[in-house]
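Chain A is fixed; fit chains V and Y onto it per the hints.
Just so you know, the sequences run in chain order A, V and Y.
To convert, note that position 41 of the first sequence is 107 in our numbering; the numbers rise steadily by one, no gaps.
To convert, note that position 10 of the second sequence is 13 in our numbering; the numbers rise steadily by one, no gaps.
To convert, note that position 71 of the third sequence is 126 in our numbering; the numbers rise steadily by one, no gaps.
To be clear, the hints were calculated from the coordinates, so they are not data collected in a lab.
Please note that the accuracy of each hint is not assured.
Said to hold, decoys possible - Straight-line Cα separation of at most 27 Å, DSSO-like style, residue types lysine-lysine; simulated pairs:
#: 1; chain 1: A; residue 1: Lys234; chain 2: A; residue 2: Lys183
#: 2; chain 1: A; residue 1: Lys183; chain 2: A; residue 2: Lys72
#: 3; chain 1: A; residue 1: Lys290; chain 2: V; residue 2: Lys41
#: 4; chain 1: A; residue 1: Lys72; chain 2: V; residue 2: Lys41
Stated by the list, open to error - Chain A stretches covered by chain V per the calculated footprint, using a threshold of three residues with CB under 8 Å from any CB of chain V:
#: 5; stretch: 80–88
#: 6; stretch: 273–282
This structure is a prediction, so every number in the text was calculated from the model and none was measured.
For glycine and all other residues, C-beta sits at the position ideal for the given N, C-alpha and C.
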Amino acid sequence: MATFGKLFLGVWIALVLVATFLWLPSAVPAAAGGVFSSPDLARIIILHLPNSMVVIVAAFVSGWYALRYLTRGRDPVDDIRSKTSVALAALFCVLATVTGSVFARVEWGAYWNWDPKQICIFLLLLIYAAYFVLRAGIEDAEKRASVCAVYVLFAVVMTPMLGYVVPKYMATQSLHPKNTQFDAAYSWTLLAAGAGFIGLYAWLQNIAVRADLVRMAWEEYQCKE
Amino acid sequence: MQGMMPLLIVALLVWAGVFLFILAVDRRLSHIERIVGKLSIENDSSQDKETGVQ
Amino acid sequence: MSWVTEAAAVFVKEWVSEWRTRVSLSSVGLFAACSLTLIALALRGGAAPGREAAAALLWIVIFFTAATGLGRSFVHEEERGTALALRLSARATAVWAGKYVANATVLTLLTAIASPMLVAMLGIRVVNVPLFFFVLLLGVLALAAVMTLTAALVAQATARSGLLAALSFPVLAPVLLAGVHGVEAAMGVGNLSGSIEPGLGDLQVLGSYVVVAVTASLMLFDFVWND
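Isolated chain A, as found in the complex:
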């Protein structure tokens, strides 16, 4: 069953790719009033937007397990789940940034211009980096777990404000098109890609948690020897 799920995910994302490149129509060309200078390549959005969806999901998952860690008996497994989710959120932040830069370069000729969404994703990356520095700085495992859980929760509570505050001050220059009208075909493909990417995140999360558990069991075994 599990193997079937993994193969299904592989086929699913492959089908999304086929739909992205063969089934989707090109975007409205700039000459006809569109925003893309290279309408054929506007389909990169299918590989760009779902990364940000995964970042949001992973951020809330890490917050959820941090809360569970603090309120439900300080289970070390909850700490591991929270930590791996933060790491995966950072990974998908990087993916969103890279795909977004390529997209922006192809369509508007610039890799980076500090527009609100780029600033938000960059600040999230800074938070995740600070999280791992904090984690590395505490030796006692229980203390590390609770301190890191508190920081994750604090960040989860405070960062949604970014979404409101940053565009308020940086709205003058944005590469991200506003009020994009997606075709039905684009909406469906985006939805399918989002589901696929979240599935991929769940699989990676599962692998990372298991790897940490094995490491813990192995260290415990060595201590007993």
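Quick look at chains V and Y alone, frame taken from chain A:
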């Protein structure tokens, strides 16, 4: 549509590589899990024997 | 003891122990003095920067001074072993509140001295003094709230220097954005008549940020404190 074919092939190849890599890591991890699981079970049972003797 | 008495006791204790050594006051003061002198030297007395740059410089001085000064507030307890006594004698939320008010007063004092000096040094006219005052006051309250909680986290780590700034900066980004914009408005950027209108949105952002940050800190502090 024709122009998209090479890009699709590249994308599919990249995805296949990533997918197989993750799958291989997953397999390897299951293998290690079995070994470590066996070790710790043996360890636990030997402990039980010790406590039984006591 | 009621919650308010406990918090007030923590606040008084902070100031009494601070007054004996004056470590954090003098380090904060010296740091601010050094950075102001650096700005003066870099400008070599001529070529005054624009008002946008002045607003940015002011917030840079405040943020990094706060990050150096407030990091000590819990390290102190852990090092001298007074944390346990404090844990027994006051509720976690009261400890946080007392520390918060103490940190906020230190920062307010610092800002009250440093910002007029910087403004005078750069030869900039503040067209709306009340707006300038309230933006800085709310900004400092927000800074102190976030840094009081992160200082409690950092106190548990081994490498403390620099960590407070790294942990609190991304969380404080909205405060710095609104603060810079509000100070610019008070200095007359896009606001020739010097009215308070362009800064009202900033005051709203800062005010709601303070409320959210204080509430979140009060709810979360217990988890690091009683561990």
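Status of the hints after comparison with the structure:
1. Of the pairs offered as hints, the one joining lysine 234(A) and lysine 183(A) holds, with about 12 Å between alpha carbons and a cut-off of 27 Å not exceeded.
2. Restraint check: the Cα-Cα separation between lysine 183(A) and lysine 72(A) comes to about 32 Å, which exceeds 27 Å; the hinted pair is violated.
3. With a CA separation close to 15 Å, the supplied pair lysine 290(A) and lysine 41(V) stays within the 27 Å bound.
4. With a C-alpha separation of about 26 Å, the suggested pairing of lysine 72(A) with lysine 41(V) holds against the 27 Å cut-off.
5. Taking a C-beta to C-beta cut-off of 8 Å, the stretch 80–88 of chain A contributes 6 residues in contact with chain V, enough for the three needed, and the coverage statement holds.
6. Given as covered by chain V, the stretch 273–282 of chain A passes the check, having 4 residues with a CB less than 8 Å from a CB of that chain where 3 are the minimum.
Hint 2 alone, counting from the list given before, is not met by this structure.
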